[in-house]
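*Asks:* In case you want the letters, here they are:
4 protein chains.
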Amino acid sequence: MSHNSFGHLFRITTWGESHGPAIGCVIDGCPPGINITPEEIQSFLDKRRPGQSRHTTQRREPDQVKILSGVFEDEYTDGLRTTGTPISLLIDNVDQRSKDYSNIKESFRPGHADYTYTKKYGLRDYRGGGRSSARETAMRVAAGAIARKVIPGLKITGALVQIGEHKINRDNWDDEQINQNDFFCPDADAANEWATILDKVRKDGSSLGAVIELTATGVPLGLGAPVYGKLDQDLASGLMSINAVKAVEIGAGFDAAALSGEQNADEIRAGDKGPDFLSNNAGGILGGISTGQPVIARFAVKPTSSIRTPRKTINRDGSETEVSTKGRHDPCVGIRAVPVGEAMMALVLADHYLRHRGQVGS
Amino acid sequence: MSHNSFGHLFRITTWGESHGPAIGCVIDGCPPGINITPEEIQSFLDKRRPGQSRHTTQRREPDQVKILSGVFEDEYTDGLRTTGTPISLLIDNVDQRSKDYSNIKESFRPGHADYTYTKKYGLRDYRGGGRSSARETAMRVAAGAIARKVIPGLKITGALVQIGEHKINRDNWDDEQINQNDFFCPDADAANEWATILDKVRKDGSSLGAVIELTATGVPLGLGAPVYGKLDQDLASGLMSINAVKAVEIGAGFDAAALSGEQNADEIRAGDKGPDFLSNNAGGILGGISTGQPVIARFAVKPTSSIRTPRKTINRDGSETEVSTKGRHDPCVGIRAVPVGEAMMALVLADHYLRHRGQVGS
Amino acid sequence: MSHNSFGHLFRITTWGESHGPAIGCVIDGCPPGINITPEEIQSFLDKRRPGQSRHTTQRREPDQVKILSGVFEDEYTDGLRTTGTPISLLIDNVDQRSKDYSNIKESFRPGHADYTYTKKYGLRDYRGGGRSSARETAMRVAAGAIARKVIPGLKITGALVQIGEHKINRDNWDDEQINQNDFFCPDADAANEWATILDKVRKDGSSLGAVIELTATGVPLGLGAPVYGKLDQDLASGLMSINAVKAVEIGAGFDAAALSGEQNADEIRAGDKGPDFLSNNAGGILGGISTGQPVIARFAVKPTSSIRTPRKTINRDGSETEVSTKGRHDPCVGIRAVPVGEAMMALVLADHYLRHRGQVGS
Amino acid sequence: MSHNSFGHLFRITTWGESHGPAIGCVIDGCPPGINITPEEIQSFLDKRRPGQSRHTTQRREPDQVKILSGVFEDEYTDGLRTTGTPISLLIDNVDQRSKDYSNIKESFRPGHADYTYTKKYGLRDYRGGGRSSARETAMRVAAGAIARKVIPGLKITGALVQIGEHKINRDNWDDEQINQNDFFCPDADAANEWATILDKVRKDGSSLGAVIELTATGVPLGLGAPVYGKLDQDLASGLMSINAVKAVEIGAGFDAAALSGEQNADEIRAGDKGPDFLSNNAGGILGGISTGQPVIARFAVKPTSSIRTPRKTINRDGSETEVSTKGRHDPCVGIRAVPVGEAMMALVLADHYLRHRGQVGS
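Protein chains in written order, with the working numbering: chain H, 1 to 362; chain B, 1 to 362; chain Y, 1 to 362; chain W, 1 to 362.
Errors might be hidden in some of the hints.
Which copy is meant is left open, because identical chains are indistinguishable; a pair holds if it fits in one copy or across any two.
Stated by the list, open to error - Dumping the calculated BS3-like pairs for lysine-lysine here, alpha-carbon to alpha-carbon at most 30 Å:
#: 1; residue 1: Lys326; residue 2: Lys105
#: 2; residue 1: Lys149; residue 2: Lys119
#: 3; residue 1: Lys47; residue 2: Lys203
#: 4; residue 1: Lys200; residue 2: Lys167
#: 5; residue 1: Lys273; residue 2: Lys119
#: 6; residue 1: Lys203; residue 2: Lys149
#: 7; residue 1: Lys326; residue 2: Lys312
#: 8; residue 1: Lys119; residue 2: Lys66
#: 9; residue 1: Lys105; residue 2: Lys149
#: 10; residue 1: Lys273; residue 2: Lys105
#: 11; residue 1: Lys273; residue 2: Lys312
#: 12; residue 1: Lys119; residue 2: Lys155
#: 13; residue 1: Lys200; residue 2: Lys326
#: 14; residue 1: Lys119; residue 2: Lys312
No wet-lab data here; the hints were simulated from the structure.
Excised from the complex, chain H in its bound form (with noise of 0.2 Å):
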């Protein structure tokens, strides 16, 4: 079971409300012997971190993380290595202003999951939105950083293709440019178009979706299984549990159902170094399993719902009122879910390595 668990081998446990005194993530089957320093942790949580630009959330939150378990130095290995036991990752929160959330503690915010937790649960941690807020995504990020690293030669990218209706131009695709703007944005001229429409999103108190598109090179041939552990099974979990998700696509995805079978298999031709695929619809997987191929994967996360526009909504008693949010708000989280992604790629492939080693060999 895994209300709050991701994974099988590599398995990370999440835990913390945004609003209480700290968040954190509990890995768990971590390989032993690897080379892990906090610095590399916290390089990933600083992309992900709020306030970051002016088009993010300005929560201020240091997201300091701490490594409580789970790696140890000494002097028969060279610096701090886990050691496969639980690695616990802790990081305080900071920020959490005793502002006045009366007017979401009683009412529903259209879209936000206030309504569907209180019912579920017949109570809530009414400030800032307890376990649905996106502040648990940091600790996936956290173990993300770790993820990373079980696989050699294992680099995975994400980069921001769409905010609203405004799509990159993938002629102008370079991934030099990823880590020069706000957006995460691999096209340049895209990344100044949207700087200028997310200032006005956000001072209209509005807000905007946003489609991330990942890829990871150096993924070994064979990771993943024939029918219910599939790779991008997998894959479309892990993206899908971050929050504001509705979709994801693997290869062509939705393009797929539009294609002729012709068009879509993706030829082979005998490689130098191994067989030379001459497209990647499939986005790396065939059959769920890894074709040593790039793995390709998008997903489209929605607008948030916490915006400054009242909308219609009922209240806890059921009578009928107005909402709009106040707070600090991310005009476009899209943004920001561009390094949980990578980490959700990173966890997924971690996980199927260790899968696939523990029943085929190596």
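Position chains B, Y and W against the provided structure of chain H, taking the given hints into account.
*Replies:* Chains B, Y and W only, in chain H's frame:
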């Protein structure tokens, strides 16, 4: 771990290769006391059964299901009932033609699992795809027929909404039409058009992709869980685990990326029988938990790679060759994916119904 | 969840009632490439099969196993091999006499699962115990025959060391004897004595308990895990899951409570081929992880409650009555528990072998 | 998979080394709405806390538990309540003396996990045992304090019934005594005798084993499941997972082997409030399912291998040496195992209560 199992409390484990003596399924965790007849299961299997129209494979499989355990008929109960013990279902493989597999035995079909399976496991049953054959999905449909009965009042309807580039006209949607054409198509005009298109595709030995839409009504409020037990996450996992599926979306799905927060948030009014949602962009799921509205999911099926047109590929020894598939194949595997998608949705919902009851009571 | 499954990476799921059409098992996660024949599996089943001597039940079951999936024979491999896909095993129930169950249908047999099953599920298959029948253990033995082959060089030997109050003389222990009497008894004198005792017990319609000892050699160092993945924990789970087992111990077991720390700690010397332990009170497991010494476990089987002597009980309607069991029953179910115990040990070891390989490599 | 997790629906994951900054636990799946205070948890921790009497280790650990998530206090509920989200518990390690570990860093203590851990993982935190330290059990006790509240009316009582060779006199059993001596001993005379014996053992730098008996009353009929979800199976797993435990038995346990079927079967009469069992050899469990009678389990704890007497062993380089343990250790770890055993029983029962409710309803 779940290489061949799906679900947690309502859990299925399937087995069997397309050209072995039989395929089967074990359902574990089914509540006791549910009335179930072989005829009911058969009625769903018949919807998926090959050879139902000229638009699906002509393999002749009666797909007659046997219930080997987990049900009991005695004088104290009215008819056949589940006993709470594992339900074993079995279908004999009848039409395993001893045909010539030599072309696919030595060559990997592009876009097919042949390559990854052989590389992962070192050997495979090359007769018809082994576990990668969509024949496995018959057991999903059989298990789904039982899963449907776990939640009282639940109704699940699947419909084909796109074949190749050809989408239905949503203004023509008529639920009555769905079972009156060969395509589970709610738009009678589209169904006529598709018949012509598919006749040509079949004659050409080509194939087309498709998009299926699933709607569940009668889903109780509160199914799902906040973080890694999201209802939409498990729907994504279940639907992406179906053969040839490359994309999954919930509610507005990818289109949500292009909406503003105002457009996307489903406003609420106080209805006579509880909250009335003014729209359903959420697809019946907020924060991973069902709202009580209809749950709506869509998934895309790629065109099958089993086509008559020769495609470039390599042999087991790495040398270059071309391959084309002769056998009996579906020109559009998306058609028979409709009842399979319904079954996966039923399995996910039944599982979450029991999970919710376990944690929260009722 | 594991109501009818056991193990994680090497995982079995069993199904079937004693008086249904068949019983079966699905093995998931078996490594590919293991040579396996029906004859090998059958040889273990024959050890457990009823009617092998006058000391076991006279139910006539050939217990002929069929392999329905997961193995393949082709020219590229030498003989029948596992393919890495689920292995489905099935045994038809042949000797389900349509006898009179009226006495056990209405009355709960004291010491038997009838009462708890009926109360838990609200209904049960009263013909012979349903899932509570030890017939289920045939599938454990069949699966265990495959599990034994996962760890190269592994050998598992079970022996009956006590029947009723009558223990073997450990000075007489001779492995050669174990398969030369009707009791898997390593002490020829004890076996003779037991034959006389059991003849009387059978004639009296009574029953006796027993203690079984299991020894595994060739277990690699390092199987198991620190806290909740202890090898001894999973052995305890596996052995306690066998019908009628009421106690499990590892190494010195309960006797360890009476030892001093000096007596109990197994001292180590530097041997030619690695560490030499001077004793094995640990039973080959320290801190939940195998030491490389023989793994030793014992378990106690209670006397069956299916006896001819009338016992006080109640009917389904709560009224008082007496009940005695007529059918064909084992006077000492502990005898046939020997191959079952071996199988459970094999399943636990195979699972932990794959789990270790997954996390640590090899 | 469960290397550091226990349970399915009520599931704990523990982390932390004995000499790291802290230890902790995440409880997932707890029902919402349970009243819980830090003081309640603390009261159970205090029973296990070191330094409570001269008979336990003198390590000074306040073991002050912090609740970091999963509970909420608001005006709509009366006091602190579980919210249904993960409950994170943390205890800072205070008394991690920077003592000299050189003797146990280089040499493996016989009978201790040092050897197997180092060999399995290739490295280990040698300061105090890492994850093999019984300090981990503090988190079991903390989690158990919450688990106890899941089943209304449940009461669990542990008692020490044997130290070394010295058993209690069962005729002297008095529940009132259990919390009035340093041993959780129900026999006042035995407690006095044990005090003298342990004083000598402690002075000698030796250690003794022990046997603990657990009794749960108020266990509803119907918890557990037929085959691999047996209640006794999971009790065996849970108790065997406690450090130094070598044996587990249910009800009559090993003694059942020596009984006849007539003696062992617990006869039933029609009582005023449902069935009256005339004995409880079953220990409250038949066919893996609770009968409604008290659930009774016993487990044996070996004498700790941390003794002052030098024992033969080898160094990390394989050379021969002798080792003795200096530090602060319990002469009888069985004493503090009493609250740990209670906690494991509570965890198993809470889990099965939710599992039963999930499948069967209520």
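*Asks:* With reference to the structure, classify each hint as holding or not holding.
*Replies:* A quick look at each hint next to the structure:
1. Proximity of Lys326 and Lys105 under a CA criterion of 30 Å is satisfied intra-copy only: 13 Å inside one chain copy versus 57 Å between copies.
2. In the homo-oligomer, the alpha carbons of Lys149 and Lys119 lie at most 30 Å apart only across protomers (23 Å), although the nearest pairing inside one protomer, at 41 Å, exceeds that limit.
3. Taking the shortest Cα distances, Lys47 and Lys203 sit within 30 Å of each other inside one copy (24 Å), while across copies they are farther apart (53 Å).
4. Taking identical chains as interchangeable, the C-alpha atoms of Lys200 and Lys167 lie at most 30 Å apart only when both belong to the same chain, with a minimum of 18 Å there against 35 Å between chains.
5. For the homomeric pair Lys273 and Lys119, the shortest alpha-carbon distance between copies (15 Å) is at most 30 Å, but the shortest distance inside one copy (57 Å) is not.
6. Taking the shortest Cα distances, Lys203 and Lys149 never come within 30 Å of each other, neither inside one copy (41 Å) nor across copies (50 Å).
7. Within a single copy, Lys326 and Lys312 get their C-alpha atoms as close as 16 Å, which meets the 30 Å cut-off; across copies the closest is 59 Å, which misses it.
8. With identical chains, the CA atoms of Lys119 and Lys66 are at most 30 Å apart between copies only, with a shortest distance of 28 Å across copies and 35 Å within one.
9. For the homomeric pair Lys105 and Lys149, the shortest alpha-carbon distance between copies (28 Å) is at most 30 Å, but the shortest distance inside one copy (42 Å) is not.
10. In this assembly of identical chains, the alpha carbons of Lys273 and Lys105 lie at most 30 Å apart only when taken from different copies (23 Å versus 60 Å within one copy).
11. Within a single copy, Lys273 and Lys312 get their C-alpha atoms only as close as 60 Å, which misses the 30 Å cut-off; across copies the closest is 18 Å, which meets it.
12. With identical chains, the CA atoms of Lys119 and Lys155 are at most 30 Å apart between copies only, with a shortest distance of 22 Å across copies and 42 Å within one.
13. Taking the shortest Cα distances, Lys200 and Lys326 sit within 30 Å of each other inside one copy (17 Å), while across copies they are farther apart (58 Å).
14. In this assembly of identical chains, Lys119 and Lys312 lie within 30 Å of each other by CA distance solely inside one copy; the values are 19 Å within and 50 Å between copies.
This entry does not satisfy hint 6, going by the numbered hints stated previously; all others are met.
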